[in-house]
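Given the coordinates of chain A, assemble chain B onto it according to the supplied hints.
There are 2 protein chains.
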Amino acid sequence: MIQRIVLIGAGNLATQLGKALKRSGLDVVQVYSRTKEAAKALADVLECKFTTSLDELQPCDLCVVSVKDDALESVLRQIRIRTTVVHTAGSIPMELLSRYFKDFGVFYPLQTFSKQREVDFSTIPICLEASSEVVLEDLKDLAGKLSSCVQTIHSDERRLLHLAAVFTCNFVNHCYQIGDAMLEERGLSFDLMKPLIQETSQKIMDMKPIDAQTGPAVRMDETIMNKHLELLADHPERKNIYQLLSESIYKTQNNK
Amino acid sequence: MIQRIVLIGAGNLATQLGKALKRSGLDVVQVYSRTKEAAKALADVLECKFTTSLDELQPCDLCVVSVKDDALESVLRQIRIRTTVVHTAGSIPMELLSRYFKDFGVFYPLQTFSKQREVDFSTIPICLEASSEVVLEDLKDLAGKLSSCVQTIHSDERRLLHLAAVFTCNFVNHCYQIGDAMLEERGLSFDLMKPLIQETSQKIMDMKPIDAQTGPAVRMDETIMNKHLELLADHPERKNIYQLLSESIYKTQNNK
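Chains A and B supply the protein sequences, listed in that same order. Counting from 1, position 81 in the first sequence corresponds to residue 69 in the working numbering; the numbering is continuous, with no gaps. Counting from 1, position 8 in the second sequence corresponds to residue -4 in the working numbering; the numbering is continuous, with no gaps.
Hints were generated in silico from the structure; no laboratory data involved. Some clues are possibly wrong.
Any copy will do: because identical chains look the same in the list, a pair fits if it lies in one copy or spans two.
As the list claims (entries may be wrong) - Taking lysine to any residue and the SDA-like style, the derived pairs with C-alpha atoms no more than 25 angstroms apart in a straight line are:
id, residue 1, residue 2
1, K28, R(-8)
2, K239, E173
3, K227, K239
4, K90, V63
Next comes chain A alone, as it looks inside the complex:
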């Protein structure tokens, strides 16, 4: 059974995962980060030790590596303690870990995390993968303490989930951002969009997104769309996004 955990990384995901582990009664014994400032900040929150050296990791049952994807392999290479090691990345195959460890896996919470925003872990899908049945059982047991939605997901499927998450979260948020910037530039409040944003996300809880679609692009209403493109004339990037997404909506709706 996993009880003592070392966290490698102090970013958004590591921060929120650390807090959730602590709330669920697990012992986060140590936080590692490259910079002392980040390591200490998270260690203070979790009331545990910290280090900036991968040679000084504490003994533990699980080492959770949650660093930027392009830093992952160089970090893995430096971990010498004997324990189960997991990463938390959406698009990195589990097999990468087999080069460095005997017992390993993936612990991928499918959610968007920011340092300053608390999240309720209980509904977050946690996607697991493991080097053996024994490790998988341990990870299931751990994940089950955080969330009621624990899934075994192969690396290929996880990568696809991550890609779908880029569309349904990062790209969605960018559309919010463009709306916000556009209104701010003209002195209008983004608050006016909030009931619409809530309803748009609520709608797809029980309708398929393709059936929930509305707006001028559905019927390629050129009069309206040309007025919108005029408003975007000074902003070629937003104009390109408007045209590309409108055409894509039209094609999708008319090939149903």
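Frame of chain A; chain B shown alone:
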């Protein structure tokens, strides 16, 4: 004071507005639609008369014209009864109505409507504009019975709100749709995305979208992004959307 209302149109907005008016104790006396089927369907729900002829409109205090934008002017031209006439469109200037009526205005509820989905009108921003103070007071009184968020908004600002709504609702929903299609094609459930979608829309209730952004495009993580582009190789349109939005996110995040 407005009590008796004629609804011109039986689409998504007319349907939900008609129901909300009825719930608030107003008399929807008649529904017009081009097709008998649509007119009768909504009239049945609202328990009122219907017609497919604009020559047979009933006497009323307000005529609400809620038809497709490109059909609007030809409908307006045929309305002969003497009453206050409003349209409900985001991007059509109020002045269009001055060609045909003495008392007129705009009644624009900023929301996404589908026929089969009930909405809570009480939080929907209703954007009003009117030909005179007297008409404006009447519309404010009416809108106040439906919603606690009633705003006087000039045509130019309304058009901008509508454009922002295309980004924050229609384009957002299209990103959901792409995620849904992508997962369905590989036999994965869109339900896995739902906690993420909820959190993404909840986050911006108290964070600015620019500060809520996460994901590989923020730091232009090319290793991950190339893996995603590989998965999109068979779908050039999704690939274009991925590239354009990722570049736009990167630029936005790095010009903060």
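Here's how the hints hold up against the structure:
With identical chains, the CA atoms of K28 and R(-8) are at most 25 angstroms apart within one copy only, with a shortest distance of 19 angstroms there and 67 angstroms across copies. Taking the shortest Cα distances, K239 and E173 sit within 25 angstroms of each other only across copies (18 angstroms), while inside one copy they are farther apart (32 angstroms). Proximity of K227 and K239 under a CA criterion of 25 angstroms is satisfied in both settings, with 18 angstroms inside one chain copy and 15 angstroms between copies. Taking the shortest alpha-carbon separations for K90 and V63, only the intra-copy value of 16 angstroms comes in at or below 25 angstroms, while the best inter-copy value is 74 angstroms.
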